[in-house]
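Chain residues, written in single-letter form:
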Amino acid sequence: MTATAPVDPTTASSATSPTGRGSAAAGARTTSTAGAAVALRGVVKEYAGHVALRGVDLDLAPGELVALLGPSGCGKTTALRTLAGLETVTEGRITVDGRDVVDVPTHRRDVGMVFQAYSLFPHLTVQQNVEFGLRTRRVARAERATRAAEMLDLVGLGELGGRFSHQLSGGQQQRVALARALVTRPRVLLLDEPLSALDAQVRVQLREEIRRLQRELAITTLFVTHDQEEALAVADRVAVMRAGAIEQIGTPEQLYSAPATRFVAEFVGSSNRLRAEVVDGRVRLPGQEVAAVGSPDDGEAWAYVRPEDVTFADRGVAGVVESVSFLGAVCRTRVRTSPDDVVVLDHRAHERREVGESVHVAFTPRAVAVVPFG
Amino acid sequence: MTRRRGAPGTALRKAVLAVVGAVFAVPIAAMVAFSLRSADGTGHDLGHWTALAAPENERAYRSLVEGVTNSLVLAAVTAVLVLVLLVPTMVVVHLRYPALVRPLEFVCLVPVTVPAIVLVVGLAPVYSVVSRVAGSGAWTLALAYGVTVLPYAHRAVQADLAATDLRTLTEAARTLGSGGVATLLHVVVPSLRRGLLAAAFITVAVVLGEYTIASLLNRVTLQTSLVQVSRSDPFAAVILALLALLLAFLLLAVVGRVGSAGAGRPVLPGRDVAATAPAPARKALS
Amino acid sequence: MVALVEGRPPAADRDRLDGARPPRARRRPAAWWALTPFAVYVLLFLAVPCVVALGTGFVTGDGRPSLSALAALGEPLVLRAFGSSALVSGITAVVGAVVGAVVCWGLTALRSDGLVRSLVDSAASVLAQFGGVMLAFAFTATIGIQGVVTQLLLTRLGVDVFAGGVWFYQVPGLLLPYVYFQVPLMVITFMPAVTGLKPQWQEAVATLGGTRREHLLRVVVPVLAPAFVGSVLLLFANAFSSYATAAALISQGAQIVPLQIRAALVSETVLGRENVAGVLALGMVVVMVVLMTLYSLLQRRTERWQR
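Protein chains in written order, with this note's numbering: chain A, 1 to 374; chain B, 1001 to 1286; chain C, 2001 to 2307.
Because the hints were derived from the structure by calculation, they are not lab data.
Glycine included, each C-beta is placed from N, C-alpha and C at the ideal position.
Heads up, a few of these hints could be off.
As the list claims (entries may be wrong) - Computed spacing ranges between beta-carbons, pair by pair:
1. V1189/B to R2300/C: 32 to 40 Å
2. P1098/B to G42/A: 54 to 62 Å
3. S1063/B to L2154/C: 28 to 36 Å
4. L2153/C to L1247/B: 27 to 35 Å
5. G1021/B to L2073/C: 23 to 31 Å
6. V2161/C to V1101/B: 31 to 39 Å
7. L2294/C to A1099/B: 43 to 51 Å
8. S2112/C to A349/A: 53 to 61 Å
9. V320/A to V1101/B: 22 to 30 Å
10. V1189/B to V2161/C: 37 to 45 Å
11. R2300/C to R1231/B: 44 to 52 Å
12. V2161/C to P1098/B: 30 to 38 Å
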């Protein structure tokens, strides 16, 4: 695991292998779809006086779910919208199955899109909403009805075809939006923060269903979100974006345990950040020295250690327990190791210490991620 | 923003607006041109404007002066009346009797369905009593105007009320030892400042433009004296009408920029979904 | 069977208490007295006049209840007035609605929080609601006999607008001033529906393979239809109940219902019967109630879609 360069998407091994051309897996179901290979090359998007995308390079393998993760304003939604054709591109190429689609208008791009909110047509029933894409494609009425009903069953709303959107909960509305986007068997599915407007519990439930559906239909999917937990839970690979460019692409595990830049390290999950020095393949931490993972350059660096990778030990950096919070599954203890530094540990309840106790903490050697200064 | 290739762009829409705007400016421009006509009808000068201010014409314009004064007094009295009667009621209902919120709204919207011309039929006998009790001065019209203004004032205050968490503020005031009236004065009124101001401004605009009730109850106001004067001196009427329109526009422009969310918009029956989906409007005068 | 059982969601996800819901206020004294001034006021100056206005149609001259006065509604003069009112209201409502809708479309090009837009809103409010008498003067100055435009047409183009008769001070002369306040009213009324059209719909239609035309026909038109019809109803009601402009332009005569009410109030011998004003008022209120009820029903649907 390198800690310096962004992970190259073509050489990284995916954590889970997508099911490829999905016709075999989907069997006789009429909703099977084959995902397309998508590539963005050097995509630049400029508005008057503001650059939203600075040369984005991204590949999506057929049937893969890639999450675009980043804070608001980083350009992730803009990138998605250029793929949809809802935004024009200042420079760069966008290819779907090898064909450049930059000049193809949205309604001919064969993408399915789910918006954050408000996208259902209020004057149509759920069934009519789902059939909309089939109507524009001049599909016969009987076939429309069957396919729409099938898709509604697939998203778990089989009984609600006659309702209107204002009669549905937020989660149900998004399911309808999903069904509507998928019923036309698009080659690419685009999800623009589909869960951000929903309650926490519904969000978790729905993201798992989206994942299940996506796998079943093997449709290439781009999922935009600002919630890093969501991205890590759902995606085959995650691309972290900041200020219009991708900082790192990799599997969720890679991003979590081997962040390439300071931003990624601090954006994904929570970490203890320590000043460290790399000398000759070894990382000098407070109270400890560990072997460096990968081959970072010598010099000063930031070392990131997750709270769950810090333990109480007999040796290591010394400190005083400042606070202990019982969080159910874990106990979170803050240990003050110096007037300016606090180390946070997540551990099981039976390892509790008392406030004010003197302790030593150690860092699990293979779990130290090193990011060079600057 | 979605860049739609070939969509009827901003330019076309703005052009349409400019055209319609120009057409609608014609009557206003005509009023100005009309008022600038010189006495002999050939050229243009400020003759009619200066005539209004000239002391020798004072007698001829006496009814106008009376009308303007009456209207200004009426505007002030009505605004005070409405604020003093309506606002405490709305606040009490909001805080203590939430079940009455919809009935109160309904009552305040009745003047929308029952137009002034109908109301005045029933006001005549009521006002014969009022005249006996309080005289037949124009200021007594404030009592009727308070009713015609209800839909607007209610709407302006309601929008502000919905946006303010008055319950928490008044409870906090109570725990700090403030009594009922003091709370009203020191907590409620300052919190609802924008709504109250909007309601006051709109009341003034409504009163200044009201004609139906004033004329059919035989009172002298700005509008009735305008109509009367127009028969003999159309120029003075046009000038004052222009000024009155301008004043109303300024009042509403201020309300629109600075006032509460529901203020500048007209009023209608039907649910007002907070301040975000304003119900459409209706003319409550004339 | 193994299942993961989630704990209860944190408090933030449950409904927060509505600020207006009362606490169990057992200990607080009743505040009914605070509502009395307003109640008395509304009773005296709204309820009583309404009852009187509408009730005089149901009594004879000596005060006995009877339905005979209602017969006045069948008189040809009255029917003609209702017809004229309906015609003027109908024409100006439709013209106002169409032009107003076009203006709404144009307004979408402006920033919704910009200065121009807010000035347009204020101007629309003034013209739609407070114009009354002043609009009569405006149009007299424009196309009255001595009007600026009349004169211009006469001197520059040789066109005499009143060659066929002076229509300006009759019912046809009401059409222009009425349209002048109907269009702004339409803008005020219809604009929320237009701004309620979500951009996501257009984008969704595009991603579903629909062209802009399909978006217009399949989404915009059906969604705006109830609001449009409702606005037409509103405009109709507005013109129907309008008095000031007509009264200022037509000093004598009772060609439309509000003017007939004026005639009935000013001279008690219209049609030789008393209580005619009350009957006319009743007729007008019936029309208004019908219109407003229909409007409310349409509004409910419109507002639902605007959220």
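Hint check:
| no. | hint | verdict |
| --- | --- | --- |
| 1 | V1189/B to R2300/C: 32 to 40 Å | holds (34 Å) |
| 2 | P1098/B to G42/A: 54 to 62 Å | holds (60 Å) |
| 3 | S1063/B to L2154/C: 28 to 36 Å | holds (33 Å) |
| 4 | L2153/C to L1247/B: 27 to 35 Å | holds (31 Å) |
| 5 | G1021/B to L2073/C: 23 to 31 Å | violated (43 Å) |
| 6 | V2161/C to V1101/B: 31 to 39 Å | violated (53 Å) |
| 7 | L2294/C to A1099/B: 43 to 51 Å | violated (28 Å) |
| 8 | S2112/C to A349/A: 53 to 61 Å | holds (54 Å) |
| 9 | V320/A to V1101/B: 22 to 30 Å | violated (57 Å) |
| 10 | V1189/B to V2161/C: 37 to 45 Å | violated (55 Å) |
| 11 | R2300/C to R1231/B: 44 to 52 Å | holds (47 Å) |
| 12 | V2161/C to P1098/B: 30 to 38 Å | violated (58 Å) |
In summary, the structure is inconsistent with hints 5, 6, 7, 9, 10 and 12 from the numbered list given earlier, while agreeing with the others.
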